[in-house]
Amino acid sequence: MAIFTMEDVKKTFTNGEVKEEVLKGINLTLHEGEITALVGASGSGKSTLLTIAAGLQPASGGQVLFEGKNMTEMNAEQIRKIRACRFGFVFQFAHLVPFLTVEEQLLLMFDASETTLKKHEQTKEIDRILKLVGMDHRKHAYPASLSGGEKQRIALARALIHQPSVLFADEPTASLDSKRSRDVMRLIRELTRTLDITTLMVTHDEDMLTYADHVVKMSDGLVVNG
Amino acid sequence: MNLAWKEMKKNKVRFMILGSIIFLVSLLTFLISGLANGLSQDNASLIKALPDGQFYLDEDADETYSFSRIDKRVQAEFLHTRKDAAAISIQMSFLSDDSGNRRSAAFVTSTASPFFTDVKSGEIVLDGSLEEEGIKVGDTLTTAQYSGTFTVKGFADGKKFSHAPAAYINMEDYKDIFNVEEMQLLFLPEEDHSTDITGMHSFSKEEFLQTIPSYSAEQLSLNMMVWFLVVISGMLFAIFFYMMNVQKIGLYGILKAIGVKTGTLFKMMWTQMLMITMTALLLSVTCSQLFTLMAPEGMPFSLTAQATIQLSLVFLVIGFTGATLSGIGIKKVEPLQAIQQGEV
Chain A
602 MAIFTMEDVK KTFTNGEVKE EVLKGINLTL HEGEITALVG ASGSGKSTLL
652 TIAAGLQPAS GGQVLFEGKN MTEMNAEQIR KIRACRFGFV FQFAHLVPFL
702 TVEEQLLLMF DASETTLKKH EQTKEIDRIL KLVGMDHRKH AYPASLSGGE
752 KQRIALARAL IHQPSVLFAD EPTASLDSKR SRDVMRLIRE LTRTLDITTL
802 MVTHDEDMLT YADHVVKMSD GLVVNG
Chain B
48 MNLAWKEMKK NKVRFMILGS IIFLVSLLTF LISGLANGLS QDNASLIKAL
98 PDGQFYLDED ADETYSFSRI DKRVQAEFLH TRKDAAAISI QMSFLSDDSG
148 NRRSAAFVTS TASPFFTDVK SGEIVLDGSL EEEGIKVGDT LTTAQYSGTF
198 TVKGFADGKK FSHAPAAYIN MEDYKDIFNV EEMQLLFLPE EDHSTDITGM
248 HSFSKEEFLQ TIPSYSAEQL SLNMMVWFLV VISGMLFAIF FYMMNVQKIG
298 LYGILKAIGV KTGTLFKMMW TQMLMITMTA LLLSVTCSQL FTLMAPEGMP
348 FSLTAQATIQ LSLVFLVIGF TGATLSGIGI KKVEPLQAIQ QGEV
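So the sequences go chain by chain: A and B. Here the working numbering is used: the first residue of the first sequence is 602, the next is one more, and so on. Here the working numbering is used: the first residue of the second sequence is 48, the next is one more, and so on.
Hints were generated in silico from the structure; no laboratory data involved. Certain hints may be false.
[What the hints assert, rightly or not] Subject to a maximum C-alpha distance of 25 Å in a straight line, what follows is the list of computed DMTMM-like cross-link-like pairs (lysine to aspartate or glutamate):
1) B/K378 - A/E678
2) B/K308 - A/E791
3) B/K378 - A/E791
4) A/K670 - A/E633
5) B/K53 - A/E674
6) B/K57 - A/D728
7) B/K308 - A/E726
8) B/K59 - A/E772
9) A/K780 - A/D821
10) A/K625 - B/D144
11) B/K252 - B/D107
12) A/K620 - B/D165
13) B/K252 - B/E110
14) B/K308 - A/E722
15) B/K53 - A/E722
16) B/K252 - B/E229
17) B/K56 - A/D712
18) B/K314 - A/E678
19) A/K611 - B/D109
20) B/K378 - A/E722
21) B/K222 - B/D145
22) B/K222 - B/E381
23) B/K314 - A/E705
24) B/K379 - A/D712
25) B/K314 - A/D797
26) A/K740 - A/E791
27) B/K56 - A/D737
28) B/K314 - A/E791
29) B/K130 - B/D165
30) A/K719 - A/E705
31) B/K56 - A/E705
32) B/K308 - A/D712
33) B/K53 - A/D712
[As the list claims (entries may be wrong)] Cβ-Cβ distance ranges computed for the label pairs, FRET-style:
34) B/A352 - A/Q679: 30 to 38 Å
35) B/E381 - A/E668: 21 to 29 Å
36) A/G617 - B/E381: 52 to 60 Å
37) B/M63 - A/D808: 25 to 33 Å
38) B/L321 - A/K818: 50 to 58 Å
39) B/M322 - A/M602: 47 to 55 Å
40) A/L810 - B/M325: 35 to 43 Å
Bear in mind the structure is a predicted one, so any value in this text is a computation, not a measurement. Quick reminder that beta carbons are idealized off the backbone N, C-alpha and C, glycines included.
Build the full structure now, drawing on both the sequences and the hints.
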């Protein structure tokens, strides 16, 4: 079932008198529980497409439909609520909050998503997700004491703790070595399958495409296959 | 989750540095404020102790009480129509005791009034500070221009003028000493609005205080220091939180990206500002009150609870304003920009 549909999405950046059309009318559909990988050369518009889909920047034209609702017509607060409650994010860097422990990073996500879970249920859920990412032994650690791979696992746990419908992953393995990259990708695939989460991922690494259900190739602001 | 406290706990040194600066600035502000108020009391407690009202000086006196001479007829008419009014004279001179020690004093006399001590000829009532210097009831004092002697009848607390203790004497003795017939000013208590009197210039109590030589210059410079310190502390808050916010733009962007409300980020900053300011103020109020107890005898220092509360509130408001102004950038932080910036 389609959860996310992008219809004729365009994005134009204006720099003085120069207008640059980064997305020239993208049509893309994401299906529930599937991993879609966006690939393409630098400047092809894949990261721009991901950030528009994630509500991090507006499109210049077209429609972004999430569960049938047009996100391009929503106000900033409505989009924030969707980001907090229905989306999860993993970026190239973990971007963990430096002054929070691993457990607190996840509690923060519960706060942001205005969860209805009670404290003890939240603790239980944190233990469960940390076990899933293999980080239950570092529950009370601060980010400074974690390795790059461990940080990315925590970032993944943070992205999934509130059980989002869609996971956006922008180059999630770019800052990791090949072994850790494979570990993280395997984890993304396992977790999104287990939790039935739709994933849109941007990657440069062709090895990572083996973990995707669909590969969408982009070039010069257009989808060239998919 | 209390993000503010968690950050402060993790970055103790950074927040302690700001807290200690605010503590020092607020302590200095309290001390200078205490000094300003103390000097103000030392300079004019005789006048400040009077109720609010109107003071009338001779129009030709150039707003200087010592040049003022009230026409006897005008005075008589005024006192006849306003029973609560008083005619007053104040003149600086010296008092000498039996052993020849000379002390500066402000000689004060007035017509019958509940606000001024009634003294018989040959008697004198002194400010309490002279009792602390060893003068006792029954001692005899004299002054250069006076042929007789004064017998000390008692002491009145907090009656100083132009940094000298007040000495209440009888009107006839005053005229004899200073060789004058007219009084210097008229005082009409509890009168908000001035009454026009031909040839007279009226002043409210606060305006009259400004005519005392050195009073306004002293208060102006000290109050300027107090407000300068308040402004500095506001700027400190603004600069500190601005620097912190610049460093945390990436973090704020990520938090916004994952759905944390901008209001939550502002609350975090305000909570930190409140915690730092309250702690610093608590310490500086404690220290300044201890200083009040331990201040050397004779040091003109008076820090009232009202001044402490007022300044504390000003610090809180200015800290809040400084932090908020510097935090406006938080509202403008774009999550995307932070993500593209790299690791925070």
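Do the hints match the structure? See the list:
Taking the CA atoms of B/K378 and A/E678, the gap is about 13 Å. The hint holds against a cut of 25 Å. Distance check on the hinted pair: B/K308 and A/E791 sit about 31 Å apart at the alpha-carbon level, beyond 25 Å; violated. At roughly 37 Å between alpha-carbon atoms, B/K378 and A/E791 are farther apart than 25 Å, so this suggested pair is violated. Distance restraint check for A/K670 and A/E633: the Cα-Cα separation of roughly 16 Å lies within the 25 Å cut-off, and the hinted pair is therefore satisfied.
Restraint check: the Cα-Cα separation between B/K53 and A/E674 comes to about 37 Å, which exceeds 25 Å; the hinted pair is violated. For the hint pairing B/K57 with A/D728, the CA-to-CA distance comes to about 23 Å; that is within 25 Å, so the pair holds. Restraint check for B/K308 and A/E726: the C-alpha separation of about 23 Å stays at or below 25 Å, so the hint holds. Between B/K59 and A/E772 the alpha-carbon distance is near 35 Å, which puts this suggested pair outside the 25 Å criterion.
Distance check on the hinted pair: A/K780 and A/D821 sit about 31 Å apart at the alpha-carbon level, beyond 25 Å; violated. A threshold of 25 Å between alpha carbons decides the hint, and for A/K625 with B/D144 the separation of about 102 Å lies outside it, so the pair is violated. Note on B/K252 and B/D107: the hinted pairing holds, with a Cα-Cα distance of about 19 Å set against a maximum of 25 Å. Proposed proximity of A/K620 and B/D165 is contradicted: the alpha carbons are some 91 Å apart, above 25 Å.
For the hint linking B/K252 to B/E110, the alpha-carbon distance of about 13 Å falls within 25 Å, and the restraint holds. A distance of roughly 23 Å separates the Cα atoms of B/K308 and A/E722; the hinted pair therefore holds under the 25 Å criterion. The suggested pairing of B/K53 with A/E722 holds, with an alpha-carbon distance near 22 Å, which does not exceed 25 Å. Restraint check for B/K252 and B/E229: the C-alpha separation of about 22 Å stays at or below 25 Å, so the hint holds.
Restraint check: the Cα-Cα separation between B/K56 and A/D712 comes to about 20 Å, which is no more than 25 Å; the hinted pair holds. Our distance criterion of 25 Å between C-alpha atoms is met by B/K314 and A/E678, whose separation comes to about 17 Å. At roughly 80 Å between alpha-carbon atoms, A/K611 and B/D109 are farther apart than 25 Å, so this suggested pair is violated. For the given pair, B/K378 sits about 33 Å from A/E722 by alpha-carbon distance, which is inconsistent with the 25 Å threshold.
Only pairs whose Cα atoms come within 25 Å are accepted, and B/K222 paired with B/D145 is accepted, the gap being roughly 23 Å. For the suggested pair B/K222 and B/E381, the alpha carbons sit about 80 Å apart, so the restraint of at most 25 Å is broken. Between B/K314 and A/E705, the direct Cα distance comes to roughly 18 Å. Compliance with the 25 Å bound is thereby established for this hinted pair. Between B/K379 and A/D712 the CA atoms are separated by roughly 22 Å; this keeps the pair inside 25 Å, and the hint holds.
At most 25 Å may separate the alpha-carbon atoms for a hinted pair to count; B/K314 and A/D797 exceed this at roughly 35 Å. Simply put, A/K740 and A/E791 have alpha-carbon atoms about 21 Å apart, close enough for the 25 Å limit, and the pair holds. With a C-alpha separation of about 24 Å, the suggested pair B/K56 and A/D737 falls inside the 25 Å cut-off, and the hint holds. Note on B/K314 and A/E791: the hinted pairing is violated, with a Cα-Cα distance of about 38 Å set against a maximum of 25 Å.
For the hint pairing B/K130 with B/D165, the CA-to-CA distance comes to about 16 Å; that is within 25 Å, so the pair holds. With a C-alpha separation of about 15 Å, the suggested pair A/K719 and A/E705 falls inside the 25 Å cut-off, and the hint holds. As the CA atoms of B/K56 and A/E705 are separated by approximately 14 Å, the hinted pair is consistent with the 25 Å bound. With a CA separation close to 10 Å, the supplied pair B/K308 and A/D712 stays within the 25 Å bound.
For the suggested pair B/K53 and A/D712, the alpha carbons sit about 15 Å apart, so the restraint of at most 25 Å is met. Taking 30 to 38 Å as the suggested C-beta distance range, the pair B/A352 and A/Q679 does not conform, at roughly 50 Å. Between B/E381 and A/E668 the CB atoms are about 25 Å apart, so this pair conforms to the stated range of 21 to 29 Å. For the hinted restraint 52 to 60 Å between A/G617 and B/E381, the CB-CB distance of approximately 20 Å leaves it violated.
At about 48 Å, the CB distance of B/M63 to A/D808 disagrees with the hint of 25 to 33 Å. Taken as a hint, the range 50 to 58 Å holds for the pair B/L321 and A/K818, whose Cβ atoms sit roughly 53 Å apart. Restraint check, B/M322 to A/M602: a C-beta distance of roughly 50 Å satisfies the suggested window 47 to 55 Å. A hinted range of 35 to 43 Å is violated for the C-beta pair A/L810 and B/M325, which are about 56 Å apart.
In this structure, the earlier hints numbered 2, 3, 5, 8, 9, 10, 12, 19, 20, 22, 25, 28, 34, 36, 37 and 40 are contradicted, and the remaining ones agree with it.
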